[in-house]
Amino acid sequence: MKLYNTLSQQFETFDPRAQTTRLYVCGVTPYDTTHLGHAATYCTFDILIRYLEYQGGKVIFTENVTDIDDDTIREAPKRGTNWRDLGNYWTAHFIRDMIALNVRPPDFYPRATDVIPEIIAFAKTLIEKGFAYESGGSVYFHVNAYAKFGQLSHIPRDQMLAIANERGNFPDDPKKRDPLDFVLWQAQAPGEPAWDSPWGPGRPGWHIECSAMNYKTFGPTIEIHGGGADLVFPHHECEIAQTVNFTGESYFAKIWMHAAMVGYKGEKMSKSLGNLVMVSELLKKYSPDHIRLYLAKHHYRAPWEFTYADLDFSVSQCTHLTQAAQTQGGDGPAMDYAYAREQFENALADDLDSPTAAAGLCAFGEALIEHADARRDVTAAQTWLRRAANVLGLRLDAFGPEARVRSGWEQHSLRFPSA
RNA sequence: GGCGACGUGGCCAAGUGGCUAAGGCAAGGCUCUGCAAAAGCCUGAUCGUGGGUUCAAUUCCCACCGUCGCCUCCA
Numbered sequence: 001m002k003l004y005n006t007l008s009q010q011f012e013t014f015d016p017r018a019q020t021t022r023l024y025v026c027g028v029t030p031y032d033t034t035h036l037g038h039a040a041t042y043c044t045f046d047i048l049i050r051y052l053e054y055q056g057g058k059v060i061f062t063e064n065v066t067d068i069d070d071d072t073i074r075e076a077p078k079r080g081t082n083w084r085d086l087g088n089y090w091t092a093h094f095i096r097d098m099i100a101l102n103v104r105p106p107d108f109y110p111r112a113t114d115v116i117p118e119i120i121a122f123a124k125t126l127i128e129k130g131f132a133y134e135s136g137g138s139v140y141f142h143v144n145a146y147a148k149f150g151q152l153s154h155i156p157r158d159q160m161l162a163i164a165n166e167r168g169n170f171p172d173d174p175k176k177r178d179p180l181d182f183v184l185w186q187a188q189a190p191g192e193p194a195w196d197s198p199w200g201p202g203r204p205g206w207h208i209e210c211s212a213m214n215y216k217t218f219g220p221t222i223e224i225h226g227g228g229a230d231l232v233f234p235h236h237e238c239e240i241a242q243t244v245n246f247t248g249e250s251y252f253a254k255i256w257m258h259a260a261m262v263g264y265k266g267e268k269m270s271k272s273l274g275n276l277v278m279v280s281e282l283l284k285k286y287s288p289d290h291i292r293l294y295l296a297k298h299h300y301r302a303p304w305e306f307t308y309a310d311l312d313f314s315v316s317q318c319t320h321l322t323q324a325a326q327t328q329g330g331d332g333p334a335m336d337y338a339y340a341r342e343q344f345e346n347a348l349a350d351d352l353d354s355p356t357a358a359a360g361l362c363a364f365g366e367a368l369i370e371h372a373d374a375r376r377d378v379t380a381a382q383t384w385l386r387r388a389a390n391v392l393g394l395r396l397d398a399f400g401p402e403a404r405v406r407s408g409w410e411q412h413s414l415r416f417p418s419a
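Residue 188 in the numbering used here sits at position 188 of the first sequence, with consecutive numbering throughout.
Don't read these hints as lab results, they were simulated from the structure.
The model shown is predicted, which means the values in this text are computed figures rather than measured ones.
One or more of the hints may lead you astray.
Quick list of simulated restraints, FRET-style, between CB atoms [said to hold, decoys possible]:
no., residue 1, residue 2, range
1, Gln-326, Leu-283, 16 to 24 Å
2, Arg-415, Arg-387, 31 to 39 Å
3, Phe-313, Arg-74, 37 to 45 Å
4, Gln-326, Arg-79, 41 to 49 Å
5, Pro-417, Tyr-339, 44 to 52 Å
6, Ala-334, Pro-220, 45 to 53 Å
7, Ala-194, Asp-107, 48 to 56 Å
8, Tyr-251, Pro-333, 31 to 39 Å
9, Gly-400, Thr-13, 36 to 44 Å
10, Gln-411, Lys-265, 31 to 39 Å
Ideal Cβ positions, reconstructed from N, Cα and C, are used throughout, including at glycine.
Based on the sequences and whatever the hints tell you, model everything.
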């Protein structure tokens, strides 16, 4: 199949059967609610996984929970709790949405605080190799030591600095050598949670946890790294800088995939703007399939706007698909479905073009109903229809999420006990 | 300012180097109906602007205008 690689800015061929696909997708920072925008990203990668497996590939999937960072520490006291309980609470909330939407669970679901030793090892090695330095109990990655910084976001180096300075991002931290340097390990501030380290008590910076978790579960390189488009810079740029210089490999992930942002009421759906649509709210009126089909009808790299009118339209499409899966045919000549199958597979093989795949599947469902009315044998066509629908995460007439989805997430959620 | 997207009938939104440019919502007309509702049928697009490439562009290329996203809170 073909996938768009943010790093090379080109479509690249990816053969899911050539190797086991190690996939890492950046998860949430559980300091506040999650919403449809988050769901859209994870449904995108869910379709990717399902399609890779449909093509006979094997996938190992890791998603992270950044349970310790500035946000969780800052928000917890505002809500009369501590960072750990806050993280558990919102992670449990997120998991509920993922189960409801039939999003397959990751094989590994580590939290940042599970990998403190690995994070320390990263910082230590990066200091030894000259890519990082200790300053006042904190450790910083020295951006100027890595010439390729900017390779992912394609922001020219000289301008990065100029922009940073223009925007007043200079010496807010006098411990930094350079305003662009970012923290790997942060010295403990009064009242903050801390772990012991060679540089004194402190906690991980943002970015390093993903490098560490990735390395711990997968080793030096992976096939695909994904996340929301808002993570390209600085988060993923920093991850590359950390990982590549730690491992000494020429690359970190072969392909970098980014899911576009979802808008609502004319602006990017975001916590700070408050223009949120909650999955749990939608589920009061719509079924998981309605939402999944609606999401699949948007290409993952194209920003789009949520509207109830569009969501409503997917309701009748789901009804038809389900009817098509259930209808009784006759014993006439078997309905041909090879054309629909080819179209469906080609669409998804073309940079995960789920809108085309979904449209084709809906049209096929309509055709199937007509063939059944004409007393033709549609059983094989129905079997394939169900299989294709499953690639999009649809359940059709089945009740609730797949057993493996529920049990997998529930297993993970044991580590996020929520009061 | 930099990087990247997008701009299709009132609104939302597919799609394509040439054959009537999908579909949905809204609107108007018609059928049905005592009226209405519901349902069915019918009606609408110089595909942002200006150039270029081409026998042919809405589709490719360039410029411009406009909207949006990112540029250390962010899926």
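Report task. Kindly confirm whether 31 to 39 Å is satisfied by the beta carbon distance between Gln-411 and Lys-265. Result -> holds, 37 Å
**Report entry** Range hint compliance [Cβ, Gln-326 to Arg-79, 41 to 49 Å]
**Finding:** The hint (41 to 49 Å, Cβ to Cβ) holds, given that Gln-326 and Arg-79 are roughly 47 Å apart.
Query raised in the report: Arg-415 and Arg-387, beta-carbon distance inside 31 to 39 Å?
Result: Between Arg-415 and Arg-387, where Cβ atoms are some 33 Å apart, the hint holds.
Query - Distance restraint evaluation - Ala-194, Asp-107, Cβ atoms, bounds 48 to 56 Å - result: Cβ of Ala-194 to Cβ of Asp-107: about 31 Å, so the range 48 to 56 Å is violated.
Query - Phe-313 paired with Arg-74, Cβ distance criterion 37 to 45 Å - result: holds, 41 Å
Query raised in the report: Do the beta carbons of Gln-326 and Leu-283 sit within 16 to 24 Å of each other?
Result: holds, 23 Å
Query raised in the report: Tyr-251 and Pro-333, beta-carbon distance inside 31 to 39 Å?
Result: For Pro-333 against Tyr-251, whose Cβ atoms are near 52 Å apart, the range 31 to 39 Å is violated.
Query raised in the report: Taking 45 to 53 Å as the hint, is the beta-carbon distance of Ala-334 and Pro-220 inside that range?
Result: holds, 50 Å
Query raised in the report: Okay, Gly-400 versus Thr-13 on CB: inside 36 to 44 Å?
Result: Check passed, 37 Å falls within 36 to 44 Å.
Query raised in the report: Do Pro-417 and Tyr-339 keep their Cβ atoms within the hinted range of 44 to 52 Å?
Result: holds, 51 Å
Checked against the numbered hints above, the structure breaks hints 7, 8 and satisfies the rest.
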